[in-house]
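Peer 1: In case you want the letters, here they are:
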Amino acid sequence: KAGVTQTPRYLIKTRGQQVTLSCSPISGHRSVSWYQQTPGQGLQFLFEYFSETQRNKGNFPGRFSGRQFSNSRSEMNVSTLELGDSALYLCASSPTTSGEQYFGPGTRLTVT
Amino acid sequence: AQSVTQLGSHVSVSEGALVLLRCNYSSSVPPYLFWYVQYPNQGLQLLLKYTTGATLVKGINGFEAEFKKSETSFHLTKPSAHMSDAAEYFCAVSSNTGNQFYFGTGTSLTVIP
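Chains as they are written, first to last, in our numbering: chain A, 286 to 397; chain B, 282 to 394.
Since the hints were made in silico from the structure, they are not lab data. Everything numeric in this text was worked out from a predicted model, so none of it was measured. Among these hints, one or two may not hold up.
Some chain B residues well away from chain A (every beta-carbon gap over 10 Å; in silico) [said to hold, decoys possible]:
| # | residue |
| --- | --- |
| 1 | 288 |
| 2 | 315 |
| 3 | 324 |
| 4 | 327 |
| 5 | 337 |
| 6 | 381 |
| 7 | 385 |
| 8 | 387 |
When the alpha-carbon atoms are kept at most 25 Å apart in a straight line, the in silico BS3-like pairs for lysine-lysine are as follows [unchecked claim]:
| # | chain 1 | residue 1 | chain 2 | residue 2 |
| --- | --- | --- | --- | --- |
| 9 | B | 349 | A | 342 |
| 10 | B | 330 | B | 350 |
| 11 | B | 339 | A | 286 |
| 12 | B | 330 | B | 349 |
| 13 | B | 330 | A | 286 |
| 14 | B | 339 | B | 349 |
For each residue, glycine too, the CB sits at the ideal point set by N, CA and C.
Sequences and hints are given; from them, build the entire structure.
Peer 2: Shown next, in the form of structure tokens:
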């Protein structure tokens, strides 16, 4: 099976812009989670979707949003980008409602 | 509430020596526990997991971990370090009711030739 794929792999944006990141889970996986990874804060949970519904949400401002489509593919959107949003954004999919997560390679977002 | 504490942000071992990476968890419900490894500029790769059953869990690349409920620990070990083990290691906990993972801050493992 193909692994979790994320597009794009690298992205450079300027402050105030918005960005959309995409994640395709492993075939058959219905749960998709998003994480932000930075050197200072480590891995922080953004949100999790299961069957097109947001089931869990981390402690991030409303500028961060996501959605999941009927084919389980997911997107996350960050509006009004700030310098502090520069990070590696990781997507993970899971085959069950609880259990191990399989991570994609991440999208490296740089905000200038 | 759930959380994970990884003791030691940096660990150095000699090639061939024992690797021991420490993880303690806090969970109000029976936890699921995981160890992941991250190589530079890559995503996280699952090393091993504990859900229920046998408390000694064997993973990939010769790693294993033991779930000790009395100590709320899930330390990762490998008998003999290899140069290719140099990476960042993350311990994570989740409940059995959902997919929200809580990660530790990570331990960077250096292997000295």
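Peer 1: CA of residue 330(B) to CA of residue 349(B), is that 25 Å or under?
Peer 2: 14 Å, holds
Peer 1: Residue 385(B) clear of chain A by more than 10 Å, beta carbon to beta carbon?
Peer 2: 8 Å, violated
Peer 1: Over 10 Å from every CB of chain A: does residue 324(B) meet that, or does the non-interface label fail?
Peer 2: 4 Å, violated
Peer 1: Would the pair residue 349(B) and residue 342(A) pass a check requiring their Cα atoms to be no farther apart than 25 Å?
Peer 2: 30 Å, violated
Peer 1: Using Cβ atoms and 10 Å as the threshold, tell me whether residue 315(B) really stays out of contact range of chain A.
Peer 2: Given that some Cβ of chain A is not farther than 10 Å from that of residue 315(B), nearest at about 6 Å, it is violated.
Peer 1: Non-interface claim for residue 288(B): all C-beta distances to chain A beyond 10 Å?
Peer 2: Correct as stated: the minimum Cβ-Cβ distance to chain A is 15 Å, above 10 Å.
Peer 1: Just to be careful, I want the Cα atoms of residue 330(B) and residue 286(A) compared with a cutoff of 25 Å; is the pair within it?
Peer 2: Between residue 330(B) and residue 286(A) the Cα gap is close to 20 Å, so the pair holds against 25 Å.
Peer 1: Would residue 327(B) pass as off the interface with chain A, using Cβ distances and a cut of 10 Å?
Peer 2: 5 Å, violated
Peer 1: Taking the minimum C-beta separation from residue 337(B) to chain A, is that value above 10 Å?
Peer 2: 18 Å, holds
Peer 1: Starting from residue 339(B), check that the Cα of residue 349(B) is at most 25 Å away, please.
Peer 2: Answer holds: residue 339(B) to residue 349(B) is near 15 Å, not above 25 Å.
Peer 1: Take the C-alpha atoms of residue 330(B) and residue 350(B), compute the straight-line distance between them, and say whether it is at most 25 Å.
Peer 2: 15 Å, holds
Peer 1: Just double-check residue 381(B) for me: nearest Cβ-Cβ distance to chain A has to come out over 10 Å.
Peer 2: 4 Å, violated
Comparing the model with each numbered hint stated earlier shows that hints 2, 3, 4, 6, 7, 8, 9 do not hold.
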